[in-house]
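K.L.:
Residue-level listing of the chains:
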Amino acid sequence: MALLKRIKKAAFEGGGLVLFDAVQEAMKAEKVLKKADYPVRLVAPPPELRRGCDLAVEINLVEQPGVERLLKRDKVDFVEVRPVRADAPGILEIVRVTDYGEWVMVKAANMKLTYEKKTGIIVNTSGGGCPDIPHMHAALLGRRVEEAPRPAELGYTLCALMLDRALEESVSLRKGGE
Amino acid sequence: MLLIAGTVPIEEMPLTCGEVEADGEELVVDGRHIRCNQGTGAMVSAALATTRYLGLEPPQVLLAGDIGQGRGSREIYEYLIANIAGLAPQVLSLHYWLPDMNLTRRLCAAIEKCSVRPVLIADAASMYSAKAAGLASFFDIFTPDTAEAAFLSDPVATHPAYVRFMTYNDTERMPEVIQAAYANGNAARLMLVKGAVDYIVRDGKIIETVTEPDVPVMEAIGGTGDTITGLVSAFVSAGLEPHEAAIIAARANRMAGKLAGVTPASGVARVIERFPEVFKRFLCEWSGVCATGGVE
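Line by line, the protein sequences are chains A and B.
Position 148 of the first sequence, counting from 1, maps to 148 under my numbering, and the rest follow consecutively.
Plus 178 on top of the position in the second sequence (first one is 1) and you've got my numbering.
Hints were generated in silico from the structure; no laboratory data involved.
Remember, predicted model here, so these are calculated numbers, not experimental data.
For each residue, glycine too, the CB sits at the ideal point set by N, CA and C.
Accuracy of the hints is not assured; some may be wrong.
Said to hold, decoys possible - Among chain A residues calculated to face chain B with C-beta under 10 Å, some are:
1. F12
2. P39
3. R85
4. C130
5. P131
6. G176
Stated by the list, open to error - Output of the computed footprint for chain A on chain B, the stretches with three or more beta carbons under 8 Å from beta carbons of chain A:
7. 194–205
8. 385–398
9. 411–424
Chain A extracted, bound-state conformation (with noise of 0.2 Å):
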């Protein structure tokens, strides 16, 4: 008789986590994730990050913003998104932003997003290298700061709400006569 080999099967590993006050909220989160097919899983934080509830959903954590506008959109009460290593830094803050003379480019961690100073068109939006990037650079250009379609709202990854935070700079530059 023939071995059998038993086939482990890889386990998931996002890099991100859900966390939540009550275990019920956990388990609404990973069902309505895996209708929508995200890759979750649930498990228990680590001691460090406990916030009331042992019960925690590990996601992709590039998938951030999709997965917190669509837990929102269900009504599940979550406490917040974070990455699983306790020791790593909180998003990323810090904006850059250049002259070029016409036109003005705002960076926010990798996204690059360039407007017209005088219109406030968006004329180019660079960097990143998630999916949604490429659909969100051509939906993007031609429209003013102030009306462009948000990019948090707009895409699934980190790439777009770093680029949200850039555009989000860029409208508040433009409020302030730039």
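Using the hints provided, position chain B relative to the given structure of chain A.
P.N.:
Just chain B, lined up with the frame of chain A:
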């Protein structure tokens, strides 16, 4: 054979594999048209412009539609995992996709089983997943920008949005950032760090910098980093050593931007259309390869 894998922002596009050809400013694969905008489209366009000039066979591409939800990305991963040994590319360039650490591990395990290991190049989110999975050193070439170099230097971060410090083209600190990436084991054997100064780094040592021509507005143009990766991929598939390919790619990209007279409002297609002229005028001088029989 050069195989380029990545997502394109056409939601309904199924997994598509085949030889790529140009049709004006668009790419055509298996009858499907793809715009050469920011992302995999720009990278493939640059690679195709290079192979055409050199008289080489066009790149093979493995593309799938994905606007961020990950389905197309997972199809690419799974197809590569199942078929990489049979495809047997000489060079495998991975580009835009939803980073997935577990699938990246499985892909690297499949590549390890290939009878002839391809030269492995990663940019964009395929580089993020390689680093996050702890597999950066398995790769032959990374082409990060300065923000992505900061991400590679951070031992904990799994995405550039979560880094301890950001360098933002800080040329004084960049050598230190590069060293940290190698010290943490989060760098490929060769890296081309794209920025105001382009650094070509081999095994942790900066072996060349490229600063001319200086066209600062190129940073604003979506896809001008992708074109560099396409150029590197094509030159490696043409038989150049990775560091030679990286140096020529950095120079060619800058020169194309200069000749195109780009502004921050330009599209990347304006840069790509200048590559044949750049190769004709400078490739012999830069590479020593002068009788290519290339076409414009």
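K.L.:
Where does the structure disagree with the numbered hints, that is, which hint numbers, in rising order?
P.N.:
6, 7 and 9
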